[in-house]
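K.L.:
For this one, chain X is given, so just place chain V on it according to the hints.
Going down the list, the protein sequences come from chains X and V. Plus 68 on top of the position in the first sequence (first one is 1) and you've got my numbering. Plus 457 on top of the position in the second sequence (first one is 1) and you've got my numbering.
By construction, these hints were calculated from the structure, which means they are not laboratory data. There may be inaccurate statements among the hints.
Said to hold, decoys possible - 30 Å max Cα-Cα, derived DSS-like pairs, lysine-lysine:
#	chain 1	residue 1	chain 2	residue 2
1	X	Lys124	V	Lys560
2	V	Lys560	X	Lys125
3	X	Lys125	V	Lys551
4	X	Lys119	X	Lys138
5	V	Lys537	V	Lys560
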Amino acid sequence: GQQVMQIPQYQHVQEGEDFTTYCNSSTTLSNIQWYKQRPGGHPVFLIQLVKSGEVKKQKRLTFQFGEAKKNSSLHITATQTTDVGTYFCAGRDNAGNMLTFGGGTRLMVKP
Amino acid sequence: SQTIHQWPATLVQPVGSPLSLECTVEGTSNPNLYWYRQAAGRGLQLLFYSVGIGQISSEVPQNLSASRPQDRQFILSSKKLLLSDSGFYLCAWKRPGLTLNEKLFFGSGTQLSVL
Numbered sequence: 069g070q071q072v073m074q075i076p077q078y079q080h081v082q083e084g085e086d087f088t089t090y091c092n093s094s095t096t097l098s099n100i101q102w103y104k105q106r107p108g109g110h111p112v113f114l115i116q117l118v119k120s121g122e123v124k125k126q127k128r129l130t131f132q133f134g135e136a137k138k139n140s141s142l143h144i145t146a147t148q149t150t151d152v153g154t155y156f157c158a159g160r161d162n163a164g165n166m167l168t169f170g171g172g173t174r175l176m177v178k179p
Numbered sequence: 458s459q460t461i462h463q464w465p466a467t468l469v470q471p472v473g474s475p476l477s478l479e480c481t482v483e484g485t486s487n488p489n490l491y492w493y494r495q496a497a498g499r500g501l502q503l504l505f506y507s508v509g510i511g512q513i514s515s516e517v518p519q520n521l522s523a524s525r526p527q528d529r530q531f532i533l534s535s536k537k538l539l540l541s542d543s544g545f546y547l548c549a550w551k552r553p554g555l556t557l558n559e560k561l562f563f564g565s566g567t568q569l570s571v572l
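One chain only, chain X, in its complex shape (with noise of 0.2 Å):
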């Protein structure tokens, strides 16, 4: 079945620092949707991506997508205490079916 495997598991960073999450399917997906987790809480949907190449931002956070649909990352430019979680994608296949999590990568911030 399809895997979705995401480095690192755990990042910990100064405040001003960068952060980037990596993300890899085994097979090529229809689109990728990224996710994030505060401490204690549930996921909360931040992007979806749906073309190959594709790059999204939201503020300090760049969104990408592979050019073969199978890899994604997210890079945090200049991280801030508020960025604390756990950052998961999540990735559907081409023929439609469950969205499959990956493990996530937990980033801890010292201020």
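P.N.:
Quick look at chain V alone, frame taken from chain X:
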């Protein structure tokens, strides 16, 4: 607007006891409903999903079952809990249909500890 309610927020149960977690959605009709489990510090594992009343699909064999007695109600149950059932249980919904481009809305979750 649509809202999703999930309860209880926390639950401590002894091994071998039954379980019932409830999730309801308001403000939408015929939603697709999901139950996920998240082990501590881990990713989201899909347990069950439902596209309509009485229609349940299971993703992994386990000690749990799900039911959808009403359009906007999704229940997760167990007859006898195991230690390995501990975790953070999340209910989620999405708009109905076969569209590929729909996001999930998650409930606030239930932290289940089986002792």
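K.L.:
For every hint, state whether the structure bears it out.
P.N.:
Here is how each hint holds up against the structure:
no. : hint                 : verdict
1   : X/Lys124 to V/Lys560 : holds, 16 Å
2   : V/Lys560 to X/Lys125 : holds, 18 Å
3   : X/Lys125 to V/Lys551 : holds, 24 Å
4   : X/Lys119 to X/Lys138 : holds, 11 Å
5   : V/Lys537 to V/Lys560 : violated, 33 Å
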